[in-house]
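Trainee: Take these sequences, add in the hints, and give me the full structure.
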Amino acid sequence: MLKTLRCLCPISGRFSQQVLSAVMSTFAQVFNPISGQMEWEVRSSDYDFYQEVARSDYGDMLHDQERNQKYYTALKGAIASLHSRGLKANVLDIGTGTGLLSMMAVASGADTVVACEAFKPMADCAERIIARNGMSEKIKLIKLRSTEIKIGRDMEARANILVTEVFDTELIGEGAIDIFRHAHRNLLEPGATVIPHFARIYAQVVESPLVAAFNKPKMLATLDGEVLLKTPTEIVNCPGSTSLHEVQLNQLPLDSFRTLTEPQEVFAFDLSGKTELENDRRHVVECKSLQTGTVQAVFMWWDLQMDDRGEILLSCAPFWAHPDFAALKSHASARKPLSNVIPWRDHWMQALYYLPQDVTVQQGQSFSLVAYHDALSLWFDVTTNIPEERTLSPPFCTCGFHVACSRTRIGQINDHQRNKKYLRLLEEIPAAAKVLAIGDGSLLGLATAKMANWTYYLNFNYFSEKITKLYVTANGLNNVTIVNNVESIEKDLQAVTHVVAEPHFNTSILPWDNLFFFKFIKTRLADLLPADVTISPAKCDIEAVPVEFLDLHKIRKPLRNVENFNIEKASALADSKFEAHPLWEYPCLALADPMKISSVDIENFPESSNTFTTTSKFKSSGSCNGVAFWVVWHLDRSGSDKLKISTGPRETIEPGKFIKWDTFTKQGVFFVVDPIPVTMEQSYQLDVKFSATAGPVECKLSLSLDDGGVEISFLEGFFSSLQGAMASKSVVISEKPVKHVGLSDWQARLNEARSVATSRRNDAFEVRHEARNLRNEKDIQARWDCYHNTKRLEDRIGEVSQWRESLEECLGRVEREIEILRAEKAQTERELEALAVPLTVVSECLATRDSRREVEMTYDEAEKELKLELALVEKDQIMLRDQCQGAWEKLNALEDVRFQLNLEICNKKEAEKIDTEQMHLNKFSSNTTFKNNPQRIPKESFTHDGWLTNTKNVKTLAENELKDTYALRESLFVCRERSRNELHAQQDQVDHTIRRRIFETQRARNELKWQVVKTEEEMNRCLAEIEAIEKTIDDKREVLKLAESRQENRFARPGFELCRDDPFHGLCDEITQLRSTLNTLTDQLNVTKGNYSTLEDQHCRLARDLENKEHSMMVEVRTLDQRERLKSWQGKECRSQTGRNIQLTRMEHEIPRSSYA
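Quick note: the sequence shown uses full-length UniProt numbering, first residue 1, plus one each step.
Simulated from the structure, these hints should not be mistaken for lab results. The structure presented is a predicted model; accordingly, all values stated were derived computationally and were not measured. Here a beta-carbon is modelled for each residue, glycine too, at the ideal position from N, C-alpha and C. Some clues are possibly wrong.
[To be verified] Result set (DSBU-like, lysine-lysine): computed pairs, CA atoms no more than 35 Å apart in a straight line: (1) LYS557 to LYS143; (2) LYS554 to LYS329; (3) LYS657 to LYS329; (4) LYS469 to LYS539; (5) LYS491 to LYS420; (6) LYS216 to LYS867; (7) LYS143 to LYS274.
[Unchecked claim] If you anchor each label on the Cβ, the simulated ranges turn out as follows: (8) LEU1078 to ASP850: 50 to 60 Å; (9) LYS660 to ARG128: 40 to 50 Å; (10) GLY134 to LYS336: 37 to 47 Å; (11) ASN610 to PRO343: 39 to 49 Å; (12) ILE878 to THR652: 48 to 58 Å; (13) VAL974 to LEU87: 43 to 53 Å; (14) PHE899 to TRP947: 17 to 27 Å; (15) GLU815 to PRO343: 48 to 58 Å; (16) GLU276 to THR481: 53 to 63 Å; (17) SER406 to ASP850: 30 to 40 Å; (18) THR652 to SER406: 23 to 33 Å; (19) ARG980 to TRP947: 44 to 54 Å; (20) LYS660 to GLU568: 33 to 43 Å; (21) PHE899 to ARG783: 40 to 50 Å.
Mentor: What follows is the structure in structure tokens.
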């Protein structure tokens, strides 16, 4: 908001004579992006605060000769056609702007012209321009929207020609559909001629990595190709923003995109009124891919058929699809590329539309391009399947990234060459470093967390902070502190070793606005950071080059004469200072080598304003119409080109050739108001005043010519006055002699006079006799005429009185209906407000259920029903909101009807009063006098049939509005009841589903408990079996020792007694058997122990599952408890069906509430 303060402005120096008429100045509060503060700026006393809005496309639009000439040609043809049929040409110009089309209509012979313009600064400008061209009496200017114009109040009658230019790059973005529909219904005669007559929208499906870079961020990788920051899933899956991306498609390099289809007509608009325009449409175009590729974007443009014969076509197509390209391409030259041979315009460009998801197609594969539009916007989708018969809602950003970042900023984030230079610096940060990253949504600053010990991220923008947190979560960064003010990390700043920034701030517009980084360091952080801290970037250079724009300068070129009309007053809307433009879209030739204007260092940031003077020579001949400025950031003090980031040209500038500008930044531009021819080797001097708080604020270019110097100042205005002298002339006068008459002639004239007098007396007698007869006759006739007119007045009074009473009765019904409808609207609004409770509860329930552990996170019926309930609440909100909007509109319509009825009744009362006074008036009344031309027909008068038709129309309008209101009230009631019933039913279904889910979870928990008990029993049995086997093994070992001891002891027998007798063989067999038994028992012991381990593992898993089930059941119970608030919300209604029925029948005042509450 602008805050103004009046003050006296001192007059001094050479301007004292120029500002005597403007000693009062105005202070305006504006935001300074470098200092980050609100500051006061001096404005002149007649400064128009609407300037910033009015300064848009009017200059470019009025310089658009093709547009002007084709509108003019169509107007001439339409007016001539009506005149050839003997009809008057009554022209209506909607959105007249500067009044050019209206003046064209007058010049073409229109009988009447009505122009409307709702934007006050533009309407005032049009009023001055029309007066300057001497057409104020021929053009009626209405400072209203066309939808607010009433026939009989603002316009005398309907028009039979409509001329309008209410189109934008999207064609319908300025509300063209509603404007044309309203005009045909209310302001135009049936079959009226409309200029333009028809409109078509075209689309072309393309693959373009360059274009896709403006839509979504890519992952950030190191110089070795390793992933540094991956893109969060929320951003990857986000459909993006529904807003179009306006670009000059002609300037896209042909090798930067591949067309997958030919241009396709997706929508046609019959503006002539033969077919009524619709707000919401869907159109499917079946396409075949011209080549294999990925559908990444849709190019869009439109054309206008100006006349009904299709002879005049105004196209906004890019050059490769332009209908006149074949005829114009021969005009291409070294100074005019092939892409610039078609007519240039910046007020209507082409548009890029991004798809919700990319689609891969093969050459020759069929796919569907689905186009949608509502009253104000377009959107597209591509599918390889049969598209469903439904309308895709306009895509909107769900991740917040597209809200926080502009298209240019998204492209900058994806700029690989730029990122590589930053990463070359960041990879030198030691692992023990602590980094302070400053900027709005800087991924490069956030990337330092992967290299340093800790990163403090200072973010000034709420939306950028939200995006930064998404990246931190998605990449698992635990060593980042995100803050939005210095105070919260003051104690930690002494440990910071590195300060880094891109720099980028959302408040910056011009390249040097990002000097806020240097200003912030010097004013806020200098005393808090250690002395040896490393700051990057360390300095920056502001550079400039004089250029010759092919077309861009037209947006600020002075307006003098357009199609032979004086439009100089419109130049007041085209003043400017430095402007930011993406110059890659606007070709320009370099006229000299680039020059360094100033270097700004972080260590000696200027505290005051300085003027920098640079002298050089032009290296190419041409017409200098602007100076381009940009900033080169030095990431360190080495001076290496590998660590310099330029916001200007991508390649070395060569004088006489087109400059290749950076695609993902905007440059600062100063326009030369009147372009100056320059020659090679001609010297020039550029003086730039640099402010420490605002950057470059003044620029002056001085050229050295053979006959002296020419100075062009971009900011400083000069006053001039004209003086004239009056020259006197003398006239010589001479005397002429008087002519004399003879005596005989004198006597003859006396006799002639005597005879003529006698004849005249005889004639007078006859006249007196005829007059007496006529007097008597006319006296009788006058008496009868007076009597008949008195009777006519009496009949007229009766007729007016009858209609007045009828309208008063109708007015009473309208007023009663207004009160009832207001009550219904209030009830619906309360119902709408009440939906906030279930919406909050359902959202909390979903959030609570999201806290279930991972294995329990299932898309069960409860989840589906909750989401259905959420969708139902949102649908009901939309439905009730639409109903409230409809009721509000209907109330406004009823108010209009009431106003018209009151006006009609007042008029009829006044007419009754006047006619009654005239009926009682007679020739003896004192207030009778002669009137000047009483038989004239007043300009505002109507025939009796017209009066009767108007009265009937007013009553019919009131009756129709009342019928519509009855239907609307019923609709309000039905919508409320349906919303309430559906919501109650869904809430019951959700409660039932959650209870069933609790029951199922409880049953699963009990089953798990039983399994745990059975598993523990089996484990105990296994333990007992293991102990038994181990005991058996121990016993067998004892027996084995006995057998082996017996055998070994028997080996001591002497001589032949040491024979292998039966005991020997028996003991051997026993030992073998015992060893085999021990091996078998050992194997069985191992198997049993393995089984026990398996049971133990299963027991742990069962315990975890049981714990998860317990947690899940607790979550479900908590969810059900949260839904108890819905019962208290429902409790606000009547507690009994009887009470509800009494409320529905509106009988509360007849039946005491205590009887049914």
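Trainee: Between SER406 and ASP850, does the C-beta distance stay in 30 to 40 Å?
Mentor: Since the Cβ atoms of SER406 and ASP850 sit about 33 Å apart, the hinted range of 30 to 40 Å holds.
Trainee: For the hint 53 to 63 Å, verify it against the beta carbon of GLU276 and that of THR481.
Mentor: 60 Å, holds
Trainee: If you check the beta carbons of ARG980 and TRP947, does the distance land in 44 to 54 Å?
Mentor: 49 Å, holds
Trainee: Is 50 to 60 Å right for how far apart the beta carbons of LEU1078 and ASP850 are?
Mentor: Check passed, 59 Å falls within 50 to 60 Å.
Trainee: CA of LYS491 to CA of LYS420, is that 35 Å or under?
Mentor: 33 Å, holds
Trainee: Can the suggested window of 48 to 58 Å be confirmed for the beta-carbon pair ILE878 and THR652?
Mentor: Holds, at about 57 Å.
Trainee: Next pair to validate is LYS657 with LYS329; report whether the Cα-Cα distance is within 35 Å.
Mentor: Cα-Cα ~20 Å, so holds.
Trainee: Does the beta carbon distance between PHE899 and TRP947 stay inside 17 to 27 Å, or does it fall outside?
Mentor: 19 Å, holds
Trainee: Is the distance from the Cβ of LYS660 to the Cβ of ARG128 consistent with 40 to 50 Å?
Mentor: Holds, since LYS660 and ARG128 (Cβ atoms, about 43 Å apart) stay within the stated range.
Trainee: Using the beta carbons of ASN610 and PRO343, state whether their distance is inside 39 to 49 Å or not.
Mentor: 43 Å, holds
Trainee: Is it true that the CA of LYS216 sits at most 35 Å from the CA of LYS867?
Mentor: Satisfied, since the Cα-Cα distance of roughly 28 Å is no more than 35 Å.
Trainee: Hey, LYS554 versus LYS329, does the alpha-carbon distance stay inside 35 Å?
Mentor: Holds: LYS554 and LYS329 sit about 22 Å apart, inside 35 Å.
Violated hints: none; the structure is consistent with every hint.
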